[in-house]
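Residue numbers (this note's numbering), protein chains in the order written: chain L, 158 to 549; chain V, 158 to 549; chain D, -19 to 393; chain G, -19 to 393.
Hints were generated in silico from the structure; no laboratory data involved. Heads up, the beta-carbon is just placed ideally off N, CA and C, and yes, glycines get one too. Zero decoy hints are in this set.
List of simulated lysine to aspartate or glutamate pairs, EDC-like, C-alpha gap at most 20 Å:
no., chain 1, residue 1, chain 2, residue 2
1, D, LYS191, D, ASP22
2, G, LYS191, V, ASP507
3, V, LYS419, G, ASP124
4, L, LYS419, D, GLU389
5, V, LYS419, D, GLU385
Derived coverage of chain G by chain L (criterion: at least 3 residues anywhere in the stretch with Cβ under 8 Å from a Cβ of chain L; other residues may be distant):
no., region
6, 261 to 275
7, 308 to 318
8, 377 to 389
Pair by pair, the computed Cβ-Cβ distance ranges are:
no., chain 1, residue 1, chain 2, residue 2, range
9, L, VAL201, G, GLY365, 52 to 60 Å
10, L, GLN542, G, SER197, 41 to 49 Å
11, L, ASP416, D, ASN297, 41 to 49 Å
12, L, GLU167, D, GLY25, 51 to 59 Å
13, D, GLY136, L, ASP416, 45 to 53 Å
14, V, LEU192, G, ARG49, 46 to 54 Å
15, D, GLN378, G, ARG387, 20 to 28 Å
16, V, LEU192, G, ASP206, 36 to 44 Å
17, V, GLY541, L, VAL201, 49 to 57 Å
18, G, HIS138, D, ASN120, 56 to 64 Å
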Amino acid sequence: MSAAGMSSIERAELCQTARRVLVDRAPMGRVRALLDDPLGHDPVLYADLVRLGWTGIHVPDASGGSDGLFADVAGVLTELGRAVTATPLVSSAIIAANALVLAPNTVAAATVVPRIVDGTLMATVAFAGPGGHCSAATVGPRWTAGADGGVVIDGEATFVLDAAAADVLVVFAAGEDGIIAAVVDRTDGGITVVPTATLDQTRRPATVRFDRVAVRSEGLLAGPVDGTGLLEATVDIGATAMALDSFGIAEVVVERTADYVKQRFQFGRSIGSFQAIKHRLADAVMLVETSRVAVDNAAAAIDLESPTPSSRERTIAVATAKAYVCDAAVTICGDSLQSHGGIGFTWEHDTHLYLKRAMLNQAMFGVSSWQRRRVADAVLGPIGQTGVNRAG
Amino acid sequence: MSAAGMSSIERAELCQTARRVLVDRAPMGRVRALLDDPLGHDPVLYADLVRLGWTGIHVPDASGGSDGLFADVAGVLTELGRAVTATPLVSSAIIAANALVLAPNTVAAATVVPRIVDGTLMATVAFAGPGGHCSAATVGPRWTAGADGGVVIDGEATFVLDAAAADVLVVFAAGEDGIIAAVVDRTDGGITVVPTATLDQTRRPATVRFDRVAVRSEGLLAGPVDGTGLLEATVDIGATAMALDSFGIAEVVVERTADYVKQRFQFGRSIGSFQAIKHRLADAVMLVETSRVAVDNAAAAIDLESPTPSSRERTIAVATAKAYVCDAAVTICGDSLQSHGGIGFTWEHDTHLYLKRAMLNQAMFGVSSWQRRRVADAVLGPIGQTGVNRAG
Amino acid sequence: MDATIAAIGPDGGEFDELRNSVRRWCAATIPPDWREQQRGADHHGYIEFQRWWRDRLAEAGYFIPHWPREWGGVEMSLPEQVVLYEELSRGDAPRLGITQVSVFNAAPAIIHAGSPAQKQRYLPAIASGEIWCQGFSEPNAGSDLAGLQTRAVRDGDHYVVNGQKIWTSMAREAEQCILLARTDLDAPKNKGISFFVMDMRSPGVEVRPIKNLVGDSEFCETFMTDVVIPAENLIGPEHGGWAVSQATLGSERAVALIGLAELLRRNGRDFLLTAAAAWTMPDGSPVLDDSAVREAIGGLYGEVEILRLVLTRMVTNLLHHGGAGPEASVVKIYYSELLQRLMRFASELHGPAGQLLRPGVSSSGWETHDFARDFIHSYSWTIGGGTNEIMRNIVGEQVLGLAREPRPEGARR
Amino acid sequence: MDATIAAIGPDGGEFDELRNSVRRWCAATIPPDWREQQRGADHHGYIEFQRWWRDRLAEAGYFIPHWPREWGGVEMSLPEQVVLYEELSRGDAPRLGITQVSVFNAAPAIIHAGSPAQKQRYLPAIASGEIWCQGFSEPNAGSDLAGLQTRAVRDGDHYVVNGQKIWTSMAREAEQCILLARTDLDAPKNKGISFFVMDMRSPGVEVRPIKNLVGDSEFCETFMTDVVIPAENLIGPEHGGWAVSQATLGSERAVALIGLAELLRRNGRDFLLTAAAAWTMPDGSPVLDDSAVREAIGGLYGEVEILRLVLTRMVTNLLHHGGAGPEASVVKIYYSELLQRLMRFASELHGPAGQLLRPGVSSSGWETHDFARDFIHSYSWTIGGGTNEIMRNIVGEQVLGLAREPRPEGARR
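One chain only, chain L, in its complex shape (with noise of 0.2 Å):
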């Protein structure tokens, strides 16, 4: 793998054999089993994923990654979607492990990064407040000066995904200067973890409460002139990973929808030859075909900018894929339960499994209203200097 990423034929090759790991090591049956399991992930799986380099595919060899894209993992991120698989990858390889290498504390990537990547630790991202939204405005922790040029962290962060998992928090605070980012242990006093379940029962969210949590200035990761640029960007690669997510979900799940109106028969007929079905299942691959190419647009948008602060071609691939891809998925996936009927409203049927997943992407990471007026802000500068800027 080169500096400039895998070839098309390499990335086609990660995916085919993600999606045979996944089957093999983490089928259906599994990630049923770890609904209720209090971690809510196979440590022996995330093993196995490390050990195929999954967590540093897009890590800069300095950190002991593999120096490649973000649109080379990017196919990983989908399979994991198709596979509904709980595992914190996505919080600490992907979004974690960019917001130390993107920020200009370099000290912190270099320490903590390649543990991330060889598998020692886990970290996550802390930044919601009490919304769950991802706007600079409503960071949820809050920082004052400390002593030494450090920050004292007061507050709470929400929808921290697999804080109870992760060693390393990566946390985002608001103070009158500006937006700050930190890197702290999550077992540091003063720091508080508390579970919170969501519909979705494949990941583990947690509000983690912050109280007089003292940094010193070595693990300020930015500062309030770089803070915000780098929650941008956190919230980019985040926003970017769900959509990925959701575009699996939606690509999987049409293909089982297709299997099952193949099968089944009322009135004489398949029902997938009825229109009614057909015409649904139509939209559906008008949805999936549009969202990949959505997709695979932010993620090359990802690598092609300069990431912080986020640009007007980053910003507008990116949020038009979070919000176009995770609305498909929601649309897909009702669509699937209502055109499998009955037998799509049960538990033991692997529909909610997909819907509840993709009701989570759509949440996190900037719902779908924010982002598309994140593009309009784009092409159409703020409310009240609206010159248009028009593209190309």
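For chain L, the structure is supplied; the task is to place chains V, D and G on it using the hints.
This is chains V, D and G only, laid out in the frame that chain L set:
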């Protein structure tokens, strides 16, 4: 007919009569002949409608009318929509007459309205600014104080229905102290009528220019204290009339589309037997049946509520009907075009007459997004004061 | 009561007394904290609460209000029932689920097609609160009754039944089951099916709960192995069960829809507005101050009003002409899809916080006030009671007279 | 060119030279005021302008850029064509309508199935700008070719044709017509149909214009009474016309879609944003400052980007695998319905002022910039070129492998 309005049997009979009269005297051939006619309506037909008493159904007997309810005449308005009739009945006898009857200055109603009812005079209302919208904030004409308690009116009103045919204009004008309403002769000095063609060629809106038009105090219908309320009541009547017209269109288009898809055969079957067509028409039936109760409710609200200023209940009923029914009619006409295929795309086929009229109904007297926000304002209170104001 | 509604629905003045007395009764009877008590209740707790609530309704004459006095009802007229169900919903009354089948499905069939002896035998039991279940659906007979495979073979003075039913709510508690079974294998499609009352304690009846997609055991599968049903339990003529089953779709169900509309108004729309007053946009501003949200709420508010109006119209037509007809299909589609859109809107508006899992509220139907869960559960309304696809066929064919689909060669008629 | 697009589409650097030269050519050649000139142009003015524009394209090698040099083309590769059509659209080039059939429908069929003599006879004429029309659709053969009733009876060295065609664009100006006619009455469905070239000046050919719903004479009906077509004008095998007609749906059309996507971007979306900057909400505030409008625009903007991406992907697949396949149906549905939604949104956003009637702009296709008119005209895209209902059948059956509908008994196969 009593002051409490007609019985439901009487209303049904009136509708049947209206349908018969219009089929007879304003069939599609006449409608098409008038599309490029400069006057745009058939004076012989208008005289017939006057003779039938339709210009006075809901006008108080003091003004020469039959003292019925707005809900009594509502069915006639629906029939005019069904028949896509070109007639100033709505602009003159419904909208302008209502504004005159509701005006605090009762002298004008006593002199002008009987002549509207007996057909010797036509009137119309003029208020909209450049965008053609209907809010008090965007009234087009401006007033300043004139001699002897009168006013002077300047500026333009757009989308004045049948202005070229009208003898009298009820004009709303904005000034520093608020909105006033006045009645002027169309031939008064300083008034210019510029016809403006719309895609819908069954109606004749015009732009009316006012150049230092002096109005004596007798001609003032409402002063700045009452003017906004009278405008709101006038827009509500107009909006309800548009909804009723669109309901008639929706109803007849569904019937015609169903007839067509029964006799059009492809693949050895009537195309109405395909679920793609059948289910789209079932949705249209649902829209028609829900629209029916929505327009009935709006018409009843016009009668029940104190007319000015707009009560909360009237706003909800009228705004809901205007937005829901006018949107439904455009959707139904578009879907009908799709179900007809190429034949519906021709000038000779009537589909485009319905579609274009439904589009103008949707645009005039308050676009749907504005009407929906009026409902929200009524329910939630204005922005920034969102105490939820629950119904019932 | 809104004046605009009064113009169409049951007249305000005439029914003010009933309305006020139901309202007072609700205030005095419904425990204000029942939702909190029932949140996360187990099946036993649910059934116990339901029985308690049924007894309260029965005391007040609200359990079978439309029945003749001779069978224990109070002979409420249709508009009176509308008032009753509106006020119960307004008072946030729990949903009475356990006797849904006995009162709204079994009783109408028995009243319509049962013999005097059968009425004497079953109606007092239903009036006293007996729980029934319904064995119509089968794994291969969902939308298409022609796929019904449960067989009932006559043997002297009884039938022997073998087969499997699915989606039988309350099967564990039910004492009786209204059952469709095929008695003539050679008859086409809807012919050759008979309508029975089956004692659920009969040997050979086995019940297995099915967990639904939000984790509740709402339904059961029911297996029948050589179950003996006395011939006297046949309702209506042998092979004539399809027509009997259709009798269960009468005016009672239309009236029940009135309650649903009021529930959607109170628990869906109004609760949404109350709840959303505390929600914020991603930039921290109140959601109810956002123009896009307001426009959407204005539209949905109106559509819920329209639901109430269209139901009132349907009931009015029932009063004058009898028989709900295909219009009921129109209302079913509109209700279920409006519910689904409203719940999806609320769920998405709430954002991540709306995805938090809380234990369900028993006795609440879809209206748990957890909008994401209620959105998922809303598919029971677009699928159940005849899928909306089947409903659209009915509207297209029976309202507009469009041709049916051609039948595949060799398919059972 | 946007960097994000470059990552997927034809690489920016490699085609910069072509892109720049097309751009310069557009700036130098396209009259900036052509829209105003063509607004309200009559048919004659339209045709004259079209011929002028065709000649300009031909001079530059942009008329049949993909053809082999031996037939007058410049052998542009697929990515080069993408660049060409993108830049033409960006330069607001007029739509070349008069040779749509000759270049994109007739020529591929002749190249694919014609004899050397037929190629020699027809291709140079097409290359020199001859106008052709297409006689496929009939009043009773819209979506279903089995209903085709035009008959061609062999009589020695010629065929005698009787029948009627509809939606024949440019029939008045066309010198030749590609015609489908039934040569075997007994063959099922798509068999028994032959593909001819018919001289439009033949005795017995009568053309009547059809006015479309926005008032333009876009189409014609063509009547054929005992029209003689020499047997040498048969393209491909007798009775094998269906397959020949399918050859017209090749990569050329996929490339043409690229131009449509760029048109939607430039003339639909970007013009909307420019125009809407002057529009006001009902309260007088700018529409572009309203959060609901902004949210809608943000979504539509993204969907237009996605259109371009999905087309680029389709062309890339064409390059690697050949044959657009059912994916083209997906793109056709997406394109046409996005166009329709965008135009309806723009029309409604503009309010009453958007309903004003202005004369149409010839040579512009749907993009007259009068959004209400363009919305109405957008149905030509959801109906024409195979209705979207037929397209959804194709996607369901050919992409997902769902079963076809059962055929009614006695229907022609």
